[in-house]
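**Student:** Read off the chains here:
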Amino acid sequence: MTPASTRLDVRKTYKLYVGGAFPRSESGRTYEVTDHKGRFLANASKASRKDARDAVTAARKAFGGWSTRTPYNRGQILYRIAEVLEGRRGQFVEEVGLGEGLTASKAEAAVDTAVDRLVWYAGWADKIAQVVGGANPVSGPYFNFSMPDPTGVVAVVAPQDSSLLGLVSVVAPAIVTGNTTVVVTSYERPLPAITFSEVLATSDVPGGVVNVLTGDAAEVAPWLASHMDVNAIDLAGVEDAALAKDLEETAAENLKRVLRPATATDWAMQPGIERMTAFLETKTVWHPIGI
Amino acid sequence: MTTVVSPGSGAGSGDLAEATSSNASLRRFLHGLPGVDQVGAEARAAMLGTRSIKTTAKDFAIDLAIRMVDLTTLEGQDTPGKVRALSTKAMRPDPADPSCPQVAAVCVYPDMVPVAKETLGASGVHVASVATAFPSGRAALDIKLADTRDAVEAGADEIDMVIDRGAFLSGRYLEVYDEIVATKEACKRPDGADAHLKVIFETGELQTYDNVRRASWLAMMAGADFIKTSTGKVQPAATPPVTMIMLEAVRDFRDATGQMVGVKPAGGIRTSKDAIKYLVMVNEVAGPDWLDPDWFRFGASTLLNDLLMQRTKMKTGRYSGPDYFTLD
Amino acid sequence: MASENTSGTHAADARAAFEYAPAPESRAIVDIKSSYGLFVNGEFTAPSEGRSFKTVSPSSEEVLAEVADASAEDVDLAVKAARRAYDKTWSKMPGRERAKYLFRIARIIQERSRELAVLESLDNGKPIRESRDVDVPLVASWFFYYAGWADKLEYAGVGPNPQPLGVAAQVIPWNFPLMMLAWKIAPALATGNTVVLKPAETTPLTALLFAEICQQADLPPGVVNIVTGAGETGRALVAHPDVDKVAFTGSTEVGRLIAKSVAGTDKRVTLELGGKAANIVFDDAPVDQAVEGIVNGIFFNQGHVCCAGSRLLVQESVADEVLHSLKRRMSTLRVGDPLDKNTDIGAINSREQLEKIRELSDIGDAEGAERWSPACDLPANGYWFPPTVFTGVSQAHRIAREEIFGPVLSVLTFRTPTEAVEKANNTPFGLSAGVWTDKGSRILWMADKLRAGVVWANTFNRFDPASPFGGYKESGYGREGGRHGLEAYVR
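One line per chain: the protein sequences are A, B and C, in this order.
Heads up, the first sequence is in numbering that gives the first Met the number 0, so the first residue is 0 and it goes up one at a time.
Heads up, the second sequence is in numbering that gives the first Met the number 0, so the first residue is 0 and it goes up one at a time.
Heads up, the third sequence is in numbering that gives the first Met the number 0, so the first residue is 0 and it goes up one at a time.
Since the hints were derived computationally from the structure, they do not count as laboratory data.
Glycine is no exception: its CB is placed at the ideal position from the N, C-alpha and C atoms.
Keep in mind that a hint or two might mislead.
[As the list claims (entries may be wrong)] Per label pair, the in silico range of CB-to-CB distance:
1) C:326 with B:257: 13 to 23 Å
2) A:64 with B:23: 29 to 39 Å
3) B:24 with C:323: 38 to 48 Å
4) C:444 with B:270: 25 to 35 Å
[What the hints assert, rightly or not] Below are the DMTMM-like pairs computed for lysine to aspartate or glutamate, each with C-alpha atoms no more than 25 Å apart in a straight line:
5) A:60 with C:418
6) B:272 with C:343
7) A:244 with C:265
8) C:326 with B:254
[To be verified] Examples of chain C residues lying across from chain B (beta carbon under 10 Å, computed):
9) 20
10) 136
11) 150
12) 153
13) 284
14) 341
15) 440
Just chain A, same shape as in the assembly (with noise of 0.2 Å):
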């Protein structure tokens, strides 16, 4: 018998994110996501292709209006993002350490740097496009100038191992500058995400501008990968160099822009600004000047 002192719990069958809902897998497919030491932490739901579809059509319907936004809107949300993750900060730094198997401070020192790396992206909103854009001195009666422009839908395979810091590190350059996004999680370590998933569904940040899809990238990242409808394929977490290329090959056929794995990256070093000009287009405006 169970002792009457001691409390069952209650164990977690956790959803996917997509488009500010939380649905099952259309599969109906769950797996056990277990801590470093292969304890049993909860069901996750392993998306299926059919997900993967559904998140990019979700993506696509949120992308004209969250790149419409002020980018001081924008910014406003990622720091509102920042505030919540911050206010959950001991449920991450749990989350992380036992997927992790981090120390408490090393976990929690991936936690405040995923909350300072939402911080510092929120800042950008409203500088980037005078950063990369500007006026051009064309030689002739014209003004001229670029400007950069979202790319569109993101799909991101985040890394594997940095399940917050990694993440957020992916997410937060791709949607700071008007993208959505369709994520595909750490396959072992999906609970920050799912966590995160919850922290965005509060944040202001609209539906489907983030969705997350926790399972294996090499069932579901193919399927992104050929989607005509995505822009651009980060491949951040792709730790097998034939799936990489394999997805880079299968994202030509509508030459989507590819970030190539970044499998050796420290999360925790300062980024530059390359990964939000990654998925940045530039638009040149020409008009002549005359009266």
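With chain A held as given, fit chains B and C onto it using these hints.
**Tutor:** Okay, now just chains B and C, sitting in the frame of chain A:
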């Protein structure tokens, strides 16, 4: 003839009459004409200027240009002697070559019309007179009309009037319109041999191509036989793009009404090369129908000698010099 | 009112007489050799397998020269030469010295501009007016512009300490042979890379003349290598394991293959591919300039322009007027000898391209669109296609979706700005777009909404070395021109 018209006007001559019923409706009409992008217009004019006119085409163009010249003297120091000499030159530009065509007209102040008329007689060279308080146009309407009537009575075949730029620039379009209508009336003769009316805009004072296009339509609607860029007393005078805008206007006006109006750039056209560029523009913008002294003129004084030098070069194969052509 | 036109006879005479006499540019200025080798390591060398191909003048089908066909082995030698030059001289040379080489090249291009223009028109078929007034001046300006960057890269906003990538493999098309060479070579050299460039099979001659210019400028051997050949040569070059960077301008079809071939490597890639640009004319447009822009948009360079305004979107309320004006203007276009200074439209670059244009135009007929061309006499020899406009076209027509790459315009209509944007963006391409309206706020609204890398408002087909150029979506990625153009060549 097509009934398609310039955008903004959207109709034929009936609606044009409607447009002049009040200053407000005239303003609406003129401001409804399509705008002109300065950079694009100048680029197009410059491109036409790169046409290379050689050999037979050049022969043709030089003779045509000579036939289109309004040989002009509009100076305070003009005398009957000067005007007689100029008129003689107009009839026989190159005394050494009888095959050289005569010019279209001699252009003088009203008081010189009798002298020019007497010298030119039945040569076929027209007498054109400036009028309406040329060049500023700053006089009362009755003075301007008297000025016109004087010239017409003295035998002028053509009247070159100036518009009231002050009225135009301050938006009193109907006033400008009425003045042109009144001047046209003053060009009438009892025998029906009315003087042709050229309307000078002084485009250098209108500043924008939008204004040039509006002035062109306003003048054509008021009955101008010709529209003319400049007095020659204000810089810039005629330029290729300004002339091109006016050629587009006469082209579109014919599309709208079936009526042809002539174009006269004046001032600043000094070389054969320039003149040929204008003829290319006439050919490609308004069309070959305008390649005729009845529909295109050059207001010029020094251009003629350069045309004559080029003509001689084409005929003899040698470059000529100014000493071989008369100074008048 | 003004007098009726009573001078019909005069006018008829005038029309008969003011035919512009031929005004051909002399080709004596160009000394075309009977055969050309490959330019590797600063010298012209015979191809390893001894194969060659002929390049013809598309306006006459006259054979201009025999050109070496580079094998994979030749490509390897060229890449090795480029690698040596990179390691030993070019990457170690101070930026200010690289700059001086580029300035020197720019100056020689200016000095030999007429020669380059004549050769370009002969080999490509484009009118001398364009090669003389557009292509070659832009080529010189491109080298001048990037020369100035060579010793200022740390200020370019491309990282605190920008470093060259190494050897760049560059494959360029036949529509702007020399200009595309300049767009590729100038930024690559300015940033310290060395290059192996493959010009298009049908237009190799100006690239080979450029090789002579490199010799004339005493450019160190191997910094620029030119390998001539067809697709196989290009494939060998792009696939060569020792190239660090691939830059390609050409069709989306080939761009896709290149993107696939570099997958899984560390090669950096920029692709400038096809387009199907909308040129959008609103009812308040400056009509005469809009018509010029439409003409320039689709008939410039025979429509062999990736950013050509091949879809005219005209607001329904002015469609008849704009088409009337457009057809009248098209009737004044002069088609013929590319070397005649008065020619507006030259020859189609190749028989193959001519057949493609014919095929798609025939599909336009078959799909029920209405074809119109002005009366024009096309020369008997060579490859020619008259300026053509299709009306009654909808988004569903193939001629509204596929890149024809010829002097063929499809006309569609729209009613509202939103519809114009939707139709303009309704394509897998996204290279350029045109907007014609007098309303400033609408221009900016349209520019904001159009998913295209270049938006020309009240103008079209303008290019400048300071202005970034490149596409969205299937029009490729990366930018050429301006500060942005440096990014593709540094790490």
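**Student:** Does the structure keep residue 272 (chain B) and residue 343 (chain C) at a Cα separation of 25 Å or less?
**Tutor:** The given pair, whose Cα atoms are some 21 Å apart, holds under the 25 Å limit.
**Student:** Residue 64 (chain A) and residue 23 (chain B), beta-carbon distance inside 29 to 39 Å?
**Tutor:** violated, 44 Å
**Student:** Let me know if the C-beta of residue 20 (chain C) comes in closer than 10 Å to any C-beta of chain B, holds or violated.
**Tutor:** With Cβ-Cβ at 4 Å, under 10 Å, it holds.
**Student:** Holds or violated: the 25 to 35 Å window for the beta-carbon distance between residue 444 (chain C) and residue 270 (chain B)?
**Tutor:** Violated, since residue 444 (chain C) and residue 270 (chain B) (Cβ atoms, about 47 Å apart) do not stay within the stated range.
**Student:** Measuring from the C-beta of residue 136 (chain C) to each C-beta in chain B, is the shortest one below 10 Å?
**Tutor:** Not OK, violated: residue 136 (chain C) not within 10 Å of chain B, min 13 Å.
**Student:** Hint check: is the beta carbon of residue 150 (chain C) less than 10 Å from a beta carbon of chain B?
**Tutor:** Status violated, d = 34 Å.
**Student:** Does residue 440 (chain C) pass the interface hint, meaning its C-beta sits closer than 10 Å to a C-beta of chain B?
**Tutor:** Cβ of residue 440 (chain C) sits 15 Å from chain B, so the hint is violated.
**Student:** Below or equal to 25 Å on CA atoms is what counts here, so check residue 326 (chain C) against residue 254 (chain B).
**Tutor:** holds, 14 Å
**Student:** Hey, does the residue 341 (chain C) contact hint survive, CB to chain B under 10 Å?
**Tutor:** At 5 Å from the nearest chain B Cβ, residue 341 (chain C) passes the 10 Å test, so the hint holds.
**Student:** Taking only the CA atoms, is the gap from residue 244 (chain A) to residue 265 (chain C) under or equal to 25 Å?
**Tutor:** holds, 11 Å
**Student:** With a cut-off of 10 Å, does the beta carbon of residue 153 (chain C) approach a beta carbon of chain B closely enough for the hint to hold?
**Tutor:** violated, 36 Å
**Student:** May I ask you to test the hint 38 to 48 Å on the CB atoms belonging to residue 24 (chain B) and residue 323 (chain C)?
**Tutor:** At roughly 26 Å between Cβ atoms, residue 323 (chain C) and residue 24 (chain B) fall outside 38 to 48 Å, so the hint is violated.
Against the hints set out earlier in the document, violations occur for numbers 2, 3, 4, 10, 11, 12, 15.
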